[in-house]
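A.B. asks: Chains R and V are the protein sequences, given in the same order. My numbering numbers the first residue of the first sequence as 705 and each following residue consecutively. My numbering numbers the first residue of the second sequence as 705 and each following residue consecutively.
Read the hints as simulated data drawn from the structure, not as lab findings. Honestly, I wouldn't trust all of these hints.
A pair counts as met if it fits within one copy or between any two copies, since identical chains are not told apart.
Unchecked claim - Derived DSSO-like pairs (lysine-lysine); straight-line CA-CA distance at most 27 Å: (1) Lys853 / Lys919; (2) Lys853 / Lys750; (3) Lys746 / Lys774; (4) Lys857 / Lys774; (5) Lys774 / Lys707; (6) Lys919 / Lys763; (7) Lys853 / Lys824.
Number of protein chains: 2
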Amino acid sequence: MKKDLAVVLVSGGMDSCLTAAIAHLSHQLAFLHLNYGQRTEKRERKAFDDIAEFYNVKKKLIVDAGYFAKIGSSSLTDVNIPVSKADLYNTNIPKSYVPFRNANILAIATSWAEVIGAKKIFIGAVEEDSSGYPDCRSSFFEAFNRVIKEGTKPETVIEVVAPLISLPKREIVEKIFDLNAPIGLTWSCYQNEDRACGICDSCALRLRGFQQAGKTDPIPYITQPLYE
Amino acid sequence: MKKDLAVVLVSGGMDSCLTAAIAHLSHQLAFLHLNYGQRTEKRERKAFDDIAEFYNVKKKLIVDAGYFAKIGSSSLTDVNIPVSKADLYNTNIPKSYVPFRNANILAIATSWAEVIGAKKIFIGAVEEDSSGYPDCRSSFFEAFNRVIKEGTKPETVIEVVAPLISLPKREIVEKIFDLNAPIGLTWSCYQNEDRACGICDSCALRLRGFQQAGKTDPIPYITQPLYE
């Protein structure tokens, strides 16, 4: 039987790589990537293309959402706001927060899914062990599914699924190895494009996951501090 | 007392012009406009700028969402799909439907509103006497407000309001004259940029409103059929 089509949001990082591996078990894949003026746009795009090639994905959509840089306010898109050193005990919303980014991405994904006939949208959001972004919580995705139901054609059935939502980073790393997901092709660093900095929020969460899982991260780092 | 700031979605058509006039009664205005590869993009942009000048709006954001043309499927963005002659008794979703467009626009508006501190987002959607788009119904906007609540910072309070949602086009035309909204600066035609065609869905709804209100539309038309 032919598998249903699913849109997978692939930033090119570790979480979206595992999400693609999970979606691949049950669906035909269509990959969506967003350029939103983030500092590491080029490197992320390469990771996206490499992961798509790995899974032999033919349907790809690259969206230029440069308006995020115009809107500003995030250290990821505004070069005047420095990328913070990670503080994994900080419970505030970090400076890298791009306001309402996931709603923007999901709206684009839903438009595309409705046109190509995809039934699911896979997103690699993580709530448990995350950076504290408000648009990465299950309650947000539940609310978004209601918007999809109300705002698309009556015959359209599209559901957002976030298979990593309650996984700690340690389990994400373990599952990556279980599913042979191409972790060496990914890029997570918010700051650099050649060697990962090892100290931004995204590097810190990733490295802590590897350390907790007792695995070695195959990508190059400038430094790999020990995270608890 | 200083008025709160509101983002107004201004396409440049009749409905968004009245929405701006209503928002202007109670708020400081910030205008958001989307280019999404629609056929009449240039003319709509001029209408946007003219209406902004009329209300002396300084905060303006023009977003290039050309990805809609990539996603395709609408006669508004795909030159291979002809713009239909209006059929005001058709209850199907028309070919001009841009999939999930309003969710995309509202997501962008929410990101901007969160950054500039706007408390409301005004959208000129019309449910009662409309083209039958699923993302123009009150239930859609209610669901979207829930997404905003879940997906923004805890201290952020932003509400989408659609003051025209239940107005028939006749009343929209009447209110435009009541509030001295600059209707002569607007553009509604889906097809032409010099003289409105008079026969696309958007022209038909507009002209019927003027005819029912017993008013004359000041913009130039190629033809003005009588609509019941």
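A.B. asks: Each hint needs a verdict: does it hold in this structure or not?
C.D. replies: Structure-based check of all given hints:
1. Lys853 / Lys919: neither (41 Å within a copy, 38 Å between copies)
2. Lys853 / Lys750: Neither, since 34 Å and 34 Å both go past 27 Å.
3. Lys746 / Lys774: Answer is both; intra-copy 19 Å and inter-copy 21 Å each pass.
4. Lys857 / Lys774: Answer is between; shortest inter-copy Cα gap is 20 Å, intra-copy 32 Å.
5. Lys774 / Lys707: So Lys774 and Lys707 pass the 27 Å test across copies only (25 Å; inside, 40 Å).
6. Lys919 / Lys763: neither (33 Å within a copy, 50 Å between copies)
7. Lys853 / Lys824: both (13 Å within a copy, 24 Å between copies)
Of the numbered hints listed earlier, those contradicted by the structure are 1, 2, 6.
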